[in-house]
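> Chains as they are written, first to last, in this note's numbering: chain A, 1047 to 1404; chain B, 1047 to 1404.
Bear in mind the hints are in silico, worked out from the structure with no lab data behind them.
Given the structure is predicted, the values throughout are model-derived calculations rather than measurements.
Incorrect hints may have been included.
For chains that are exact copies, the list does not tell them apart, and a pair is met inside one copy or across any two.
Capping the alpha-carbon separation at 16 Å, the derived lysine to aspartate or glutamate pairs in EDC-like fashion look like this [stated by the list, open to error]:
| # | residue 1 | residue 2 |
| --- | --- | --- |
| 1 | Lys1126 | Glu1239 |
| 2 | Lys1248 | Asp1203 |
| 3 | Lys1242 | Asp1136 |
| 4 | Lys1073 | Asp1101 |
| 5 | Lys1297 | Asp1329 |
There are 2 protein chains.
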Amino acid sequence: MARIALDAMGGDFAPHAPVAGALHALKELGPEHTIQLVGRTEVVRAQLDELMAGDLAHLRGVSDRLEVVEAPEVIGMTDKPSAGLRGKPDSSMIVGIRMHAEGRSDAFVSAGNTGAQMAASTLLLRLHAGLTRPAIATLFPTAREPIVVLDSGANVDCSSQELVQFARLGSVYAEYMLGREHPVVGLLSIGEEAGKGNIAVKEANQLLRNGAAGINFQGNVEGRDLPLGESGRGSFDVVVCDGFVGNVLLKFYEGIAPMVVGMIGEHTGLDRAQLDSAIKRLDYSEYGGAPLLGVRGVSIISHGSSSARAIKNAVHVAVRAVESRLSDHVGQRLASAMPTTTPGIVPAAGPQAAGGAA
Amino acid sequence: MARIALDAMGGDFAPHAPVAGALHALKELGPEHTIQLVGRTEVVRAQLDELMAGDLAHLRGVSDRLEVVEAPEVIGMTDKPSAGLRGKPDSSMIVGIRMHAEGRSDAFVSAGNTGAQMAASTLLLRLHAGLTRPAIATLFPTAREPIVVLDSGANVDCSSQELVQFARLGSVYAEYMLGREHPVVGLLSIGEEAGKGNIAVKEANQLLRNGAAGINFQGNVEGRDLPLGESGRGSFDVVVCDGFVGNVLLKFYEGIAPMVVGMIGEHTGLDRAQLDSAIKRLDYSEYGGAPLLGVRGVSIISHGSSSARAIKNAVHVAVRAVESRLSDHVGQRLASAMPTTTPGIVPAAGPQAAGGAA
């Protein structure tokens, strides 16, 4: 059973996309799941009425699992991240996250202002012990299974220790959300050798090679390995990078597939619909939303230009995160990686003891 | 007239690719151009004889513009960059760069060890005044004309001042090699707003916005703008980023197009040759080589897996760089951007004077 608080005012196509997405999601989800549409009641109700009188009349049956929660303010897409909590405490974003923080919802989903969602999620839900910052985990389609790339935008200047934490967070995500056993982690760099990369990446490689608890480290991977989902050392499930690199790559990926399709369409005369269907797997709306990993709870970040379909898929991601107890597993993994401080047990010096503890 | 020193031992397919590439290039170039094949004389001569007795017999006529220069050693692809000058002074790489440094060649081209080529080019050719490091300028195909992306691998941790220098170097490249008048420069970041990015990028944005001499700055561009060659503010010719980001992007680009083509082939049943021909424009071997900008001279870096065709195109790039006097223009542009120190002329204080000086 999951109660999903959904920001009805967030994203370029709100309130239509969130409201329609909620109806589609409830249709697909089991009857034990409910959605709380958070926003200006009159606006949300008008949108609901319009859809249920028209295009989505066939989904009327799900509306008893839909609640509308009043939030008179809206955080704009270009508002400063800090503006939310301080300036608009009654916005749909803040009201929704607070519902989750206070236990009245099991998860929060928004296609609104990402910076505000990160800031408010971190402050209201708080981070698991051992973390300095949360990370956005995005699925990248590959020639094989999708891989988890993190961070993809929450942290722009990262230390090597933070990169190691991303490796840990991504491993938990791959295991519990994607069902990968002992997920393999690659560190994004500019050469496969351990000595290649910028300062933070070279240090992180060393920390990871020395054996970091709960991380199955493969070594460095390069840009060309990402679309394949494998490097010369085999396939991987998780790729770690700082949020600047991850965000640039994610947006480049979004732009490049339509460009290639356009070139092929022009050259071959194949019709666009057929080509689009061929690369459907590369469409980010198929994946819906990226969890903000590290917060105590479930905060799903959707693309600003999310369609109803993307929002529907983001709700599915939220339900999966709740049902798999993703956040609990993150907390446990982080706790088990922290140095033991039990009184009376002093960690022995020497490589053997250290290896055993890891 | 250009004399091009070509590393006959560099790259995954040496000596075949460089030797065959040289023959093809000479066939296409005017009779005033010559190539110096630098490597183990017996190996290079054997390869030449084999090609001219077989597949490339029709190119025999160009061999009088081909010289073989002895260099008994070879720098391996995985040798450390510093190993070249210190450990293998008689390698094809070092001998070729020294020929250029001593005025016996007008340019140097190699598909060999990139790190060694950068280090030796910087030390033997030296940098233009005002630079701390050279940058690799790579052409990225877009839906419009190709754009120049730099740095794409020479510098992994960059200061904001270095990013500004890359903007200047890229502008000269776009103007003299691509024929773009007043080339437009974008700064790669994670949002179009000036305040988005990591520390170095935010600082660089401010420096560029305040008016840096010889740079037509558009503002930040995002990953999704690259394949289009334009942002919300219009088209651009040059994109500036640090070498870590640039290298990851470049290699990602190399990997993603074949993946998309593979998916479309599987789904539509179109044959691979037809699809490959549709995206020929995305094939890096079409572009051949990336100049190491900032050195006093012409040092062209080719992909390690360069084919004969890629090497041929790299030679064309070298000839164009010589004929357009690219390096001289770089030196002049850098000099004109340096603070005036003429005695008696003290720059006036105040924003108007500063604006006028820029």
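> For each hint, tell me whether it holds in the structure or not.
So, going through the hints one by one against the coordinates:
In this homomeric assembly, lysine 1126 and glutamate 1239 come within 16 Å of each other (Cα to Cα) only across copies, at 11 Å, whereas the closest approach inside a single copy is 40 Å. Taking the closest pair of Cα atoms, lysine 1248 and aspartate 1203 come within 16 Å of each other both inside a single copy (15 Å) and across two copies (12 Å). In this homomeric assembly, lysine 1242 and aspartate 1136 never come within 16 Å of each other (Cα to Cα): the closest approach is 48 Å inside a single copy and 26 Å across copies. For a Cα distance limit of 16 Å, the shortest separation of lysine 1073 from aspartate 1101 inside one copy, 14 Å, qualifies, whereas the shortest one across copies, 66 Å, does not.
With identical chains, the CA atoms of lysine 1297 and aspartate 1329 are at most 16 Å apart within one copy only, with a shortest distance of 12 Å there and 21 Å across copies.
In this structure, only the earlier hint numbered 3 is contradicted, and the remaining ones agree with it.
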